[in-house]
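Trainee: Sequence:
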Amino acid sequence: MSNRRGAVRIRASLRFTFAWGEDCFELYRTLDVSAGGARVVHHVVGSPRPPVGTEGECAFVLDGFEVRTKALVVRDLRDGYAVRFRALSQANERRIVAWIFRQEALVLIRRIPA
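Using our numbering, you'd call the opening residue of the sequence shown number 1010 and step up by one each time.
If you are wondering where the hints come from, they were derived from the structure by calculation, not from laboratory data. Source: prediction; values computed, not measured. Each hint should be verified, as a subset may be incorrect.
Here are the computed distance ranges between Cβ atoms for each label pair [stated by the list, open to error]:
{"#": "1", "residue 1": "Asp1032", "residue 2": "Ile1118", "range": "12 to 22 Å"}
{"#": "2", "residue 1": "Leu1115", "residue 2": "His1051", "range": "26 to 36 Å"}
{"#": "3", "residue 1": "Leu1117", "residue 2": "Pro1057", "range": "35 to 45 Å"}
{"#": "4", "residue 1": "Arg1077", "residue 2": "Ile1121", "range": "17 to 27 Å"}
For each residue, glycine too, the CB sits at the ideal point set by N, CA and C.
Produce the entire structure from the sequences given, and follow the hints as far as they go.
Mentor: Here is the structure:
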């Protein structure tokens, strides 16, 4: 877990969709997620990816609930890109933070022998 960007993030491999422009819609996988954004990689090698500065709409599922919000591509990576969430509702922000802390708690429980 890291707090470099002011929002706690966690490594997580989640199905992540991103739609931008007139008819661009692609499926990706997250590498990490925070309440501030996500880092994603291609689900299918060679699929198109949006350039830095592109705004679109993303969606991903946490514990059976779909989080959908606008996102801005802020960084290009060798194997993907990073987005910053925009217009994330407070309810969705709380949902993401709570999910991250639940995931961290599960990791800690697994490390401590019973």
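Trainee: All hints, please: hold or fail.
Mentor: Hint by hint, here is what the structure shows:
For Asp1032 and Ile1118, the Cβ-Cβ distance of about 45 Å falls outside the hinted range of 12 to 22 Å, so the restraint is violated. Taking the beta carbon of each, Leu1115 and His1051 are about 27 Å apart, inside 26 to 36 Å as hinted. The given range of 35 to 45 Å is respected by Leu1117 and Pro1057, whose C-beta atoms sit roughly 39 Å from each other. A C-beta distance of roughly 36 Å is found between Arg1077 and Ile1121, which places it outside the suggested range of 17 to 27 Å.
Of the hints listed earlier, those the structure fails to meet are numbers 1 and 4, in rising order.
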